[in-house]
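Enquirer: Here is what each chain is made of, one letter per residue.
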Amino acid sequence: MDIGVLFSALPGNIAQGLIWGIMALGVFLTYKILNFADLTVDGSIATGGAVTVVLIISGWSAPAALAVAFAAGVLAGLLTGLLHTMLGIPDILAGILLQIALYSINLNIMGGAANMALSVTQYNLLVSLRYIPKTLLVTGVIILVLISLMYWYFGTEQGSAIRATGTNPAMSRAQGINIDSMKVLALALSNGFVALSGGILAQYQGFSDINMGRGAIVIGLAAVIIGEVIGNALVGKRMNFSIRLLFVVVGAILYYIAIGVVLWLRMPTNNLKLFTAIIVAVFLAVPYLKEKANNSFAKAGRRGNKIS
Amino acid sequence: MIELKNIRKTFNPGTINEKLALDGVSLRIEEGEFVTVIGGNGAGKSTMLNAIAGTWPVNEGAIVIDDINVTGLSEYRRAKYLGRVFQDPMTGTAASMGIDENLALAARRGKRRGLRWGITKKEREEYREKLAELSLGLEERMSAKVGLLSGGQRQALTLLMATLRKPKILLLDEHTAALDPKTAKTVLETTQRIVSEHHLTTMMVTHNMRDAIHYGNRIIMMNEGKIILNIAGEEKKNLTIEQLLHKFEEVSGEEFTNDQAILSKKDF
Chain A
10 MDIGVLFSAL
20 PGNIAQGLIW
30 GIMALGVFLT
40 YKILNFADLT
50 VDGSIATGGA
60 VTVVLIISGW
70 SAPAALAVAF
80 AAGVLAGLLT
90 GLLHTMLGIP
100 DILAGILLQI
110 ALYSINLNIM
120 GGAANMALSV
130 TQYNLLVSLR
140 YIPKTLLVTG
150 VIILVLISLM
160 YWYFGTEQGS
170 AIRATGTNPA
180 MSRAQGINID
190 SMKVLALALS
200 NGFVALSGGI
210 LAQYQGFSDI
220 NMGRGAIVIG
230 LAAVIIGEVI
240 GNALVGKRMN
250 FSIRLLFVVV
260 GAILYYIAIG
270 VVLWLRMPTN
280 NLKLFTAIIV
290 AVFLAVPYLK
300 EKANNSFAKA
310 GRRGNKIS
Chain B
1080 MIELKNIRKT
1090 FNPGTINEKL
1100 ALDGVSLRIE
1110 EGEFVTVIGG
1120 NGAGKSTMLN
1130 AIAGTWPVNE
1140 GAIVIDDINV
1150 TGLSEYRRAK
1160 YLGRVFQDPM
1170 TGTAASMGID
1180 ENLALAARRG
1190 KRRGLRWGIT
1200 KKEREEYREK
1210 LAELSLGLEE
1220 RMSAKVGLLS
1230 GGQRQALTLL
1240 MATLRKPKIL
1250 LLDEHTAALD
1260 PKTAKTVLET
1270 TQRIVSEHHL
1280 TTMMVTHNMR
1290 DAIHYGNRII
1300 MMNEGKIILN
1310 IAGEEKKNLT
1320 IEQLLHKFEE
1330 VSGEEFTNDQ
1340 AILSKKDF
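Residue numbers (the working numbering), protein chains in the order written: chain A, 10 to 317; chain B, 1080 to 1347.
Excised from the complex, chain A in its bound form:
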C-alpha cells in the first residue's frame, strides 16, 4: 500500500467533507439547536441533487439551480414541520414520512429515471471532482458565508427564540414564543441547507441519484458529533457558537478522511455504511463511557469493599 496514494486522495476527501459539511450544518441546526431528530434529510439531499441536475440540463445557470434546490429543501422541511406541529405526528415519524414521500417526488423530478448524468464538459458547473482546487475554493467560500449567516441569525430575536424553543419549550411558551412556528422555521432552514448541499454534491460527482441520500442523516450526525468531541478537546472553554459551527464542518472533513483511509486499506466498499455506523456509535459512546469510567457502581463497589 503506497502512502502516496492516500495523500493524493486527500484533497478529494476534503472537498467531499466540505460539501457534506454544509449538510452537517443543517443537521446541527435541528439535532443540536432545535433538539429534533429530523430524518427528512435523507430525502431532501436527493431532492436538492435532482432539482439541480434537471434545471442545469434544461439551461439554468448552476447558482440559479442551487437557489431553487435550496427552496425545494425549505419546502420539504416546512412539510415535516407542519406534519409534526399541526397534525401531532411525532418528530422522527414526521421525518420518515417526508423521507419516503420524497423518494417518489425525487423520481418524478428526474422524469422517472433513478439517476441522471451531469457532465462537467457539457455544462458550466460550480464544482467538480475533476477540478478539486476550484471545488475547495467554492465550497469553502459557501461554508464561510453560511456560518456567518447562521452566527448572525441565531443572535437575532428570532434565532434566540428558536434556541429557547430547543432548550425549554415550556419556558418559551411562557415567554410568548410560538414554539410551533419556531420548529417549522428551523426545519425549513435546515432542509434548505441539506438540499443545497445535495445540489453541490450532484455537480461534484457529475450525477444525481435517487439513493444518494441513503444514510445521509448518519453522516450528518457523524460530522456533528466528531466535530463536537474534537472541538471540546481542542478549544475547551473558549468554545463559542461560530467555532462550534466551524467544528461541525471539520467533523465532516475528518469523517471523509477516515473514509479515505478505509478505502486506501482496500476494505470492501460494501462495508462503508457499516463502518460509518461504527464511527458514529464510537463517537456517541466516548463521552458517555468517559463519564461512566469516573462515576460507576463498579468503582463505588470497589471503594466500598475496601472499607468493609
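Quick look at which bits of chain A chain B covers, simulated, 3 or more residues with Cβ under 8 Å:
id, region
1, 158-166
2, 169-180
3, 185-192
No lab work stands behind these hints: they were computed from the structure. In this text, a Cβ means the ideal position worked out from N, Cα and C, and glycines have one as well.
Use these hints to put chain B onto chain A, whose structure you have.
Expert: This is chain B only, laid out in the frame that chain A set:
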C-alpha cells in the same frame, strides 16, 4: 384586574382517571391585590393558575384580564399579560443560554420577534442594574449559562424575568417549594419587594400556611376544585393558623386532619 367566571375543568373525561379539577371557580382580583392561595393536595390551586396561564383550554367559563377576554387565547398568546414562576426551578429558564439572553427573551414577551439583535448593549446595562438588586452577584457573570446556577438563583432570575415587563398578573406556582427553607425565605422576600415596588397584581400558590398568612393582602383557600374561603383586609392581617384551620372545618364540614396536614407538607 382579573376575573374568573365559573371556570370548570375535568381531566381525562370518560376514563377511570376522570377528575373534576375545577368545579365552578369564580374570583375577581383587583389591580394591585396580592392574593395567596392555599389548600391541600389536589385542591385545584395549581390547576387554577394553569387555567389562567392557558396551559390547556378550560371546559366552561371565562377568564377576563383587564377587560380582555383571554379564554380563547393559547398559552403563548396570553403570555404577554402574564408573568410566571414555576415550582420546578428548571422550568422557568433556558439552561443552555446565558443569564443576559434569558432576560432578553423575557423582555420581548408579547412582542414580535424579528431580525433585530436578540440583545443590545443598552439592555445589558439595564439588566446589570436589575440583577444587582437581587444581591446574588449574578451581575458579575451575566453571560454565564443559567444551567450553572443553583435552584434559588434560578428562581430569583425567573422572578426578575417574569416582572421585567410589568405583567398584568404575576402567577407564582409554589415557586419556593423546591428550595431549602433559608433560600425560600430569601426568594419570598425578593418577591415581596418586587411586588410592592411595581404594585403588581399577584397570585401566589403555597403549601405553607404561615407564608400564606404573612404575605399578601388577601387569602383564598381551595378544596375539591372550589374556592371555600376568601379573607381580605383587617381580618386577613390578624389571621392565625389555628383560626384558618378552624374556618376550614367550618366551611368544608370536614376536619383538617393531622395526616392531611402532614401530607400537604410543612408548618401547619
